[in-house]
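Spelled out from the first residue to the last, the chains are:
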Amino acid sequence: MATLFGVPLQALSGQLLLGLINGSFYAILSLGLAVIFGLLNIINFAHGAQYMMGAFVAWMLLNYAGVGYWPALLIAPVFVGLSGVLLERVLIARLYKLDHLYGLLLTFGVALIVQGLFRNHFGASGLPYAIPAELSGGHRLPFMFLPTYRGWVVVASLAVCLATWLAIEKTKLGAYLRAATENPALVQAFGVNVPLLLTLTYGFGVALAGFAGVLAAPVLSVNPNMGADIIIVVFAVVVIGGMGSILGAIVTGFGLGVVEGLVKVFYPEGSATVIFVIMALVLLVKPAGLFGRTA
Amino acid sequence: MVDIASGSAAPARIPATGGASRDAAALHRAIFIGLAALLVVAPFALYPVFLMKVMCFALFAVAFNLLLGYGGLLSFGHAAYFGMASYAAAYAAKVWGFTPELAILLGTFVGGLLGLVFGALAIRRQGIYFSMITLALAQMAFFFCLQAPFTGGEDGIQGVPRGKLFGLIDLSDDRALYVFVAIVFLGALALVYRIIHSPFGQALKAIRDNEPRAISLGYRASQYKLAVFVLSASLAGLAGATKAFVFQLATLTDVHWSMSGEVVLMTLVGGMGTIFGPLVGALVTVTMQNYLAQFGAWVTIIQGVVFVVCVLLFRQGVVGLIAKFIRKPL
Amino acid sequence: MISKARLLAGAAMLGLAAQDAPAAAQVSGDTIKIGLITDMSGMYADADGSGGAEAVRMAIEDFGGEVAGNKIEFVVADHQNKADIGAARVREWIDRDGVDMVIAGPNSSVGLAVAKIAADKKKPFIAIGSTSSRLTNEECTPFTIHYAYDTVSLSKGTGAAVVADGGKSWFFLTADYVFGASIEKDTRAVIAAKGGTVAGSIKHPLGASDFSSFLLQAQGSGADVLALANAGADTINAIKAADEFGVGQSMKLVAMNMYLTDVHALGLQVAKGLYMTDGWYWDLNDETRAWGKKFFDRTNKMPTLLQVADYSAVRTYLEAVKATGADDGETIVARMKATPVNDVFVKDGVIRPDGRMVHDMYLMQVKTPEESKYPWDYYKLVKVIPGEDAATSKAESRCTLWTNATQ
Numbered sequence: 334m335a336t337l338f339g340v341p342l343q344a345l346s347g348q349l350l351l352g353l354i355n356g357s358f359y360a361i362l363s364l365g366l367a368v369i370f371g372l373l374n375i376i377n378f379a380h381g382a383q384y385m386m387g388a389f390v391a392w393m394l395l396n397y398a399g400v401g402y403w404p405a406l407l408i409a410p411v412f413v414g415l416s417g418v419l420l421e422r423v424l425i426a427r428l429y430k431l432d433h434l435y436g437l438l439l440t441f442g443v444a445l446i447v448q449g450l451f452r453n454h455f456g457a458s459g460l461p462y463a464i465p466a467e468l469s470g471g472h473r474l475p476f477m478f479l480p481t482y483r484g485w486v487v488v489a490s491l492a493v494c495l496a497t498w499l500a501i502e503k504t505k506l507g508a509y510l511r512a513a514t515e516n517p518a519l520v521q522a523f524g525v526n527v528p529l530l531l532t533l534t535y536g537f538g539v540a541l542a543g544f545a546g547v548l549a550a551p552v553l554s555v556n557p558n559m560g561a562d563i564i565i566v567v568f569a570v571v572v573i574g575g576m577g578s579i580l581g582a583i584v585t586g587f588g589l590g591v592v593e594g595l596v597k598v599f600y601p602e603g604s605a606t607v608i609f610v611i612m613a614l615v616l617l618v619k620p621a622g623l624f625g626r627t628a
Numbered sequence: 024m025v026d027i028a029s030g031s032a033a034p035a036r037i038p039a040t041g042g043a044s045r046d047a048a049a050l051h052r053a054i055f056i057g058l059a060a061l062l063v064v065a066p067f068a069l070y071p072v073f074l075m076k077v078m079c080f081a082l083f084a085v086a087f088n089l090l091l092g093y094g095g096l097l098s099f100g101h102a103a104y105f106g107m108a109s110y111a112a113a114y115a116a117k118v119w120g121f122t123p124e125l126a127i128l129l130g131t132f133v134g135g136l137l138g139l140v141f142g143a144l145a146i147r148r149q150g151i152y153f154s155m156i157t158l159a160l161a162q163m164a165f166f167f168c169l170q171a172p173f174t175g176g177e178d179g180i181q182g183v184p185r186g187k188l189f190g191l192i193d194l195s196d197d198r199a200l201y202v203f204v205a206i207v208f209l210g211a212l213a214l215v216y217r218i219i220h221s222p223f224g225q226a227l228k229a230i231r232d233n234e235p236r237a238i239s240l241g242y243r244a245s246q247y248k249l250a251v252f253v254l255s256a257s258l259a260g261l262a263g264a265t266k267a268f269v270f271q272l273a274t275l276t277d278v279h280w281s282m283s284g285e286v287v288l289m290t291l292v293g294g295m296g297t298i299f300g301p302l303v304g305a306l307v308t309v310t311m312q313n314y315l316a317q318f319g320a321w322v323t324i325i326q327g328v329v330f331v332v333c334v335l336l337f338r339q340g341v342v343g344l345i346a347k348f349i350r351k352p353l
Numbered sequence: 003m004i005s006k007a008r009l010l011a012g013a014a015m016l017g018l019a020a021q022d023a024p025a026a027a028q029v030s031g032d033t034i035k036i037g038l039i040t041d042m043s044g045m046y047a048d049a050d051g052s053g054g055a056e057a058v059r060m061a062i063e064d065f066g067g068e069v070a071g072n073k074i075e076f077v078v079a080d081h082q083n084k085a086d087i088g089a090a091r092v093r094e095w096i097d098r099d100g101v102d103m104v105i106a107g108p109n110s111s112v113g114l115a116v117a118k119i120a121a122d123k124k125k126p127f128i129a130i131g132s133t134s135s136r137l138t139n140e141e142c143t144p145f146t147i148h149y150a151y152d153t154v155s156l157s158k159g160t161g162a163a164v165v166a167d168g169g170k171s172w173f174f175l176t177a178d179y180v181f182g183a184s185i186e187k188d189t190r191a192v193i194a195a196k197g198g199t200v201a202g203s204i205k206h207p208l209g210a211s212d213f214s215s216f217l218l219q220a221q222g223s224g225a226d227v228l229a230l231a232n233a234g235a236d237t238i239n240a241i242k243a244a245d246e247f248g249v250g251q252s253m254k255l256v257a258m259n260m261y262l263t264d265v266h267a268l269g270l271q272v273a274k275g276l277y278m279t280d281g282w283y284w285d286l287n288d289e290t291r292a293w294g295k296k297f298f299d300r301t302n303k304m305p306t307l308l309q310v311a312d313y314s315a316v317r318t319y320l321e322a323v324k325a326t327g328a329d330d331g332e333t334i335v336a337r338m339k340a341t342p343v344n345d346v347f348v349k350d351g352v353i354r355p356d357g358r359m360v361h362d363m364y365l366m367q368v369k370t371p372e373e374s375k376y377p378w379d380y381y382k383l384v385k386v387i388p389g390e391d392a393a394t395s396k397a398e399s400r401c402t403l404w405t406n407a408t409q
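Chains as they are written, first to last, in this note's numbering: chain S, 334 to 628; chain V, 24 to 353; chain Z, 3 to 409.
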């Protein structure tokens with residue numbers, strides 16, 4: 334059997350695919366952060382908590398209302414997005430005139446509150462959420478056994494990422510958004526309701542996090558801390574990609590997932606830190622990030 | 024230029040010259056003396072170990088505030104310097120048999136060294152990016168501590184001997200240790216006060232307020248930023264190393280990102296860019312942690328609420344508000 | 003300014019020295035005060051937490067709130083999984099509040115820190131949820147009693163029982179920190195002694211949300227047994243992924259450290275077939291069922307090993323107080339070590355000179371959804387692991403209290 338550095342190529346292709354699956358989560362989350370940052374200029378520290386909310390809303394829909402996975406995939410992000418809209422209107426909107434770092438601090442506080450509330454109510458050891466029947470089981474590929482659900486995660490997230498990219502780059506609303514990112518005052522002068530645009534953008538970014546949460550619910554432990562650590566990794570992803578472009582966030586997310594997957598084969602102990610190491614290297618070579626516009 | 028202190032903490036600025044400055048200096052001297060007097064009587068009313076903890080965290084917050092309030096740089100990874108120094112000091116004292124003062128010096132040095140490496144990377148970006156980079160680098164330090172065998176993983180380094188200061192004074196007595204911690208604390212506070220009011224501190228504030236202008240005046244902004252970063256990390260290390268002796272342990276808590284969040288909270292509550300704010304912030308936060316302990320997860324929720332309220336309503340913090348009221352910098 | 007401060011601080015020392023006798027000498031009066039320090043909000047809050055506090059209250063109620071003419075008081079605090087908070091709180095309890103006995107829930111770093119303080123102050127300390135075997139090994143003290151289980155009981159017990167049950171070839175998925183490493187090391191020794199082999203191992207970082215890649219490597223090893231030497235969310239995520247990738251079809255899955263509440267969190271559909279070692283189960287016999295129901299009525303959850311151990315430990319302590327009429331650490335601990343424990347938690351449990359309570363452990367297998375007949379019907383008993391097999395032997399012990407003892 335062909336090998337690469339002592340690892341069979343077959344196993345390697347399996348690991349690459351798995352890396353791509355994990356990259357899907359990084360991609361959706363960093364995409365949400367990038368969309369929010371692009372227009373609102375704040376780093377949404379609550380993103381991890383909102384991702385967790387997505388998973389919990391899906392669980393609550395199933396257990397309290399009997400609503401299954403497929404409707405939840407739509408309803409939960411809407412719920413989380415609405416909570417984001419509320420958050421933006423009530424709290425974040427008061428900070429636009431201040432330094433951007435206050436946005437970071439505020440959303441950090443919100444993250445603590447949300448995580449604490451969920452922990453108080455649901456405990457910390459997590460809740461079960463089953464894989465929907467249609468997607469259980471798997472396919473035996475030439476090089477690995479691929480659970481259907483994992484395949485679905487890649488397809489769904491690619492589709493959502495692509496749709497987001499198209500919406501921002503090719504639609505009229507997207508054009509307003511891009512224009513408002515460049516020069517909000519001018520866009521406002523043209524009669525576009527910029528505050529509304531800000532609110533909707535935040536809601537949309539947050540809904541993306543909620544969507545990632547629903548996707549993760551069947552495969553990861555649904556617990557209040559699930560977003561706390563991943564958000565730091567996603568921050569590093571965002572620094573590496575640079576938040577200049579939507580496409581950059583998507584490509585970096587998937588790419589780093591793959592890199593992490595490879596590290597899991599060759600040096601498993603380092604898989605938690607590899608993204609941070611890459612971040613340090615990128616900062617040395619290209620401080621603005623791989624897709625960043627300026628330093 | 025992204026600059027956090029320029030927004031609303033402005034009243035807390037220290038005027039450079041004139042009678043007001045002499046006034047303020049006299050006031051500050053009075054506060055220092057009052058603080059020292061308070062430290063003398065406090066152990067009669069409050070539990071000494073609790074007070075030592077407050078002092079360690081106050082020192083940590085002062086170090087952090089040096090970077091945020093005067094350097095305009097929001098680090099979200101200060102736990103790395105605090106915690107690594109704590110491990111270094113604890114290990115040196117327990118395994119190599121270092122005396123407390125040497126172990127604490129080593130811890131301070133480790134904090135500073137780490138600050139030099141991380142700082143050099145982080146100052147390549149500004150504003151929000153800077154915060155995210157410091158956070159990510161600190162997370163890397165956390166994983167290092169988690170996996171490295173000498174830190175003892177989740178057990179931590181336990182039973183650190185308090186030892187004899189200079190080989191003479193036995194610190195295992197809480198009272199002796201209290202005096203030692205109080206001296207370290209007041210000394211470091213006085214040092215920070217000197218730094219802020221030195222030409223270096225003035226240049227720092229100039230860079231914070233308008234970096235391009237400071238650069239055009241001939242200041243090498245990035246060198247100043249790196250210097251203040253290293254200073255801040257060293258002092259955070261001093262706080263962490265001292266804490267290792269107070270509790271006789273060093274654990275993962277000290278390097279976890281939530282510790283970085285806590286120090287931000289302390290500074291925010293007390294008032295960033297003020298000299299005495301971080302002290303008040305540390306007192307409030309540590310008290311909250313200690314006395315809300317029976318309410319479980321509510322500690323996190325309340326901390327979150329305090330964050331939100333501070334950002335929305337009290338951006339100057341407690342001390343900043345007082346300073347505004349009495350129209351003098353504190 | 004500094005010199006002034008120094009002067010004043012010097013005065014502080016004098017002032018302090020003039021204070022009255024140290025608070026530690028305070029007599030506890032006519033109350034017996036028990037302090038429970040545990041995780042009320044973090045990842046172990048479900049396994050112990052407020053349920054543990056309720057269990058302690060149940061033990062106190064058994065005594066009618068009174069022992070040897072003394073009122074029993076109970077305090078509880080959340081250590082937030084921070085050793086410094088736990089240590090400071092316990093110090094304050096003993097110094098200021100006159101707490102006579104401290105009992106600690108999960109988290110080894112807190113347990114080890116508290117053990118030192120209790121020993122300094124000569125108060126009995128009962129560790130329930132700390133897994134570190136250091137508590138009764140190199141860091142044993144005359145006042146520490148390790149009551150429920152430790153890494154040795156998890157590894158030795160499980161290792162021996164699973165090999166005996168036919169699992170000869172092992173693969174480890176180990177959390178990359180001290181806990182994981184010590185479990186793996188101890189289990190490897192037992193496997194080798196019992197004639198099994200280890201096909202390989204992977205160290206994964208703590209909190210690695212995705213385990214699929216590690217599982218794929220484990221599956222490729224061809225081993226019969228996949229041992230999860232990790233805890234909490236890591237174990238749960240690994241089991242979920244193992245279910246998805248069908249690892250259970252070719253390998254026996256063994257969780258080295260899991261609580262009943264974790265199985266509850268996973269759901270039987272995912273957890274079915276899993277092997278694990280537990281020190282107690284509510285559905286073992288009529289006595290355990292009766293107590294479990296009583297606990298359930300108060301908390302709406304079935305008790306875990308930790309919670310029943312909280313209950314039993316407090317009872318054992320109060321029995322000792324009742325028998326001796328004393329509340330000083332030496333007398334109480336001596337009495338506890340001399341008296342076998344017999345209650346709903348253990349039968350003929352013995353507290354050894356090193357402080358370790360030796361009692362039987364159980365190798366359990368998680369039931370399938372079809373086998374489960376009623377709520378919380380999760381385990382079937384595979385094998386009783388005798389207490390001696392699940393504890394450090396005297397030859398292995400590094401506790402000088404024990405190795406230097408004559409007997």
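Please keep in mind that the hints were generated in silico from the structure rather than gathered at the bench.
The beta carbon of each residue, even a glycine, is placed where N, CA and C say it ideally should be.
Any given hint might turn out to be false.
Unchecked claim - Taking lysine-lysine and the DSSO-like style, the derived pairs with C-alpha atoms no more than 30 Å apart in a straight line are:
no. : chain 1 : residue 1 : chain 2 : residue 2
1   : Z       : Lys375    : Z       : Lys339
2   : S       : Lys430    : V       : Lys347
3   : Z       : Lys382    : V       : Lys117
4   : Z       : Lys349    : Z       : Lys382
5   : V       : Lys117    : Z       : Lys349
To be verified - Ranges between beta-carbon positions, derived for each pair:
no. : chain 1 : residue 1 : chain 2 : residue 2 : range
6   : Z       : Lys124    : S       : Arg422    : 32 to 42 Å
7   : Z       : Glu68     : V       : Ala68     : 25 to 35 Å
8   : V       : Ser281    : Z       : Glu289    : 35 to 45 Å
9   : V       : Ala143    : S       : Glu602    : 20 to 30 Å
Going down the list of hints, with the structure as the test:
Taken as a hint, the lysine 375 (chain Z) and lysine 339 (chain Z) pair is broken in the structure, with Cα atoms around 40 Å apart against an allowance of 30 Å. As the CA atoms of lysine 430 (chain S) and lysine 347 (chain V) are separated by approximately 21 Å, the hinted pair is consistent with the 30 Å bound. Distance check on the hinted pair: lysine 382 (chain Z) and lysine 117 (chain V) sit about 46 Å apart at the alpha-carbon level, beyond 30 Å; violated. Pair hint lysine 349 (chain Z) plus lysine 382 (chain Z) holds up; C-alpha atoms about 20 Å apart against a cutoff of 30 Å.
For the given pair, lysine 117 (chain V) sits about 41 Å from lysine 349 (chain Z) by alpha-carbon distance, which is inconsistent with the 30 Å threshold. Remark: the range hint 32 to 42 Å for lysine 124 (chain Z) to arginine 422 (chain S) is contradicted by a beta-carbon distance near 59 Å. Between glutamate 68 (chain Z) and alanine 68 (chain V), the C-beta spacing of about 34 Å keeps the proposed range 25 to 35 Å intact. Look at serine 281 (chain V) against glutamate 289 (chain Z): about 42 Å separates their beta carbons, and that is inside 35 to 45 Å.
Between alanine 143 (chain V) and glutamate 602 (chain S), the C-beta spacing of about 26 Å keeps the proposed range 20 to 30 Å intact.
The structure does not agree with the numbered hints 1, 3, 5, 6 stated previously, though it agrees with the rest.
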